[in-house]
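Quick one: dock chain against chain with the hints and give me the complex.
Those protein sequence lines, which keep their order, are chains F and E.
Per the working numbering, residue 1 is the first one in the first sequence, and the count goes up by one each step.
Per the working numbering, residue 1001 is the first one in the second sequence, and the count goes up by one each step.
Among the hints, erroneous ones may be present.
As the list claims (entries may be wrong) - Think about it this way: if two alpha-carbon atoms lie no more than 30 Å apart in a straight line, the pair counts; the simulated DSBU-like pairs of lysine-lysine are: (1) K57(F) with K1071(E); (2) K1068(E) with K1058(E); (3) K9(F) with K1042(E); (4) K9(F) with K1037(E); (5) K1068(E) with K1037(E); (6) K1022(E) with K1042(E); (7) K57(F) with K1042(E); (8) K1042(E) with K71(F); (9) K1058(E) with K95(F); (10) K95(F) with K1022(E); (11) K1022(E) with K1057(E); (12) K1042(E) with K70(F).
The set of hints was computed from the structure by calculation and includes no laboratory data.
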Amino acid sequence: NAGVTQTPKFRVLKTGQSMTLLCAQDMNHEYMYWYRQDPGMGLRLIHYSVGEGTTAKGEVPDGYNVSRLKKQNFLLGLESAAPSQTSVYFCASGKGSSYEQYFGPGTRLTVT
Amino acid sequence: GENVEQHPSTLSVQEGDSAVIKCTYSDSASNYFPWYKQELGKGPQLIIDIRSNVGEKKDQRIAVTLNKTAKHFSLHITETQPEDSAVYFCAASTQNTGNQFYFGTGTSLTVIP
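Chain E on its own, in the form it takes in the complex (with noise of 0.2 Å):
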């Protein structure tokens, strides 16, 4: 099956700088990558995705690019926020029966005011 590697396990930034986190994935027919935030306590919410006929795709503070040959999603958030403070996950999924996500082992990601 898909295997999703993540880094870094924890990232802290100071309010104002960018972060960024990377996924590799295993599967070619991989086709669809979210990206999905989790507050303590929470459930996890998705904050972006795209779709692997995309090379990137950006939602005012928060971009994601996609290399297919290289296997590897990224996540940028640049002007971060102390509210941007959470766990991030990255996923795969192939266009199979039952839309099947393999996550990533999440990103712990501080943003020091």
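Just chain F, same shape as in the assembly (with noise of 0.2 Å):
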């Protein structure tokens, strides 16, 4: 039982370029979230999805897409990505409403 997984856990990128970022659970969770994380500001909700086919904006979804084509993987996309996107992502599932959120191990992007 891996829990959350998180691909890749570095990632260097220049300004304008894309990438998708993977997390895949293994505890049958309907709910998936993709945070960030950048200093002094803990971590930001950028879009969620309640189960497969579905998702939602969070706080700072700008410049970010998801999809949840398989209720197992959750990915996140960036398409032209710009430096203030610098930051640890984290991807994290759940089973619903007022339960915890399990975290995967994070994915450091810099976009230079």
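Here you go:
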């Protein structure tokens, strides 16, 4: 039981490049989330999904897109990376409302 | 939306002493309050949580208290140990679609041996 895994662990992009971050969970959770973590700002929700085929915007969705084609996977895409998207990205999954979220190990992204 | 404030941002205690971290929230509809511990280079891990129908919850050396009237909740760690050194985050969520968590800005706890 691996829990929540994220791919890749590190990535460096040039401004304007695109990339996709992959999150996978093996706990059969309905809900999945993407957060970004910046120094002094805690974790902020980018997008989330309450089930296969559904997505919704969080606090800071601009510049990102997501897809949930399979229940166990949640993809985060950056179509045209900007230096302001330099951050550590965490994926999480959970059973639903008023339940804990389980976090992955994170992806450190640098945009130059 | 919900606004969660967390204090202090840094905290140093001697080994064996207690540590207290406080959070306030703004949305009276919030009803679930988890606390996460994040070690360097790792993802956050849940250490304790409390729901709005409970005023206090304890798990060995860790306890959380909730005051719904004042809209604040606190994490208490007793008999601190060096391995308690980490960044701690509080969060609040409402029982709405998506179970969105709103996190505090974190407290860096250092336990001095």
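Any hints from earlier that this structure breaks? Give me their numbers in increasing order, please.
Structure breaks no hint.
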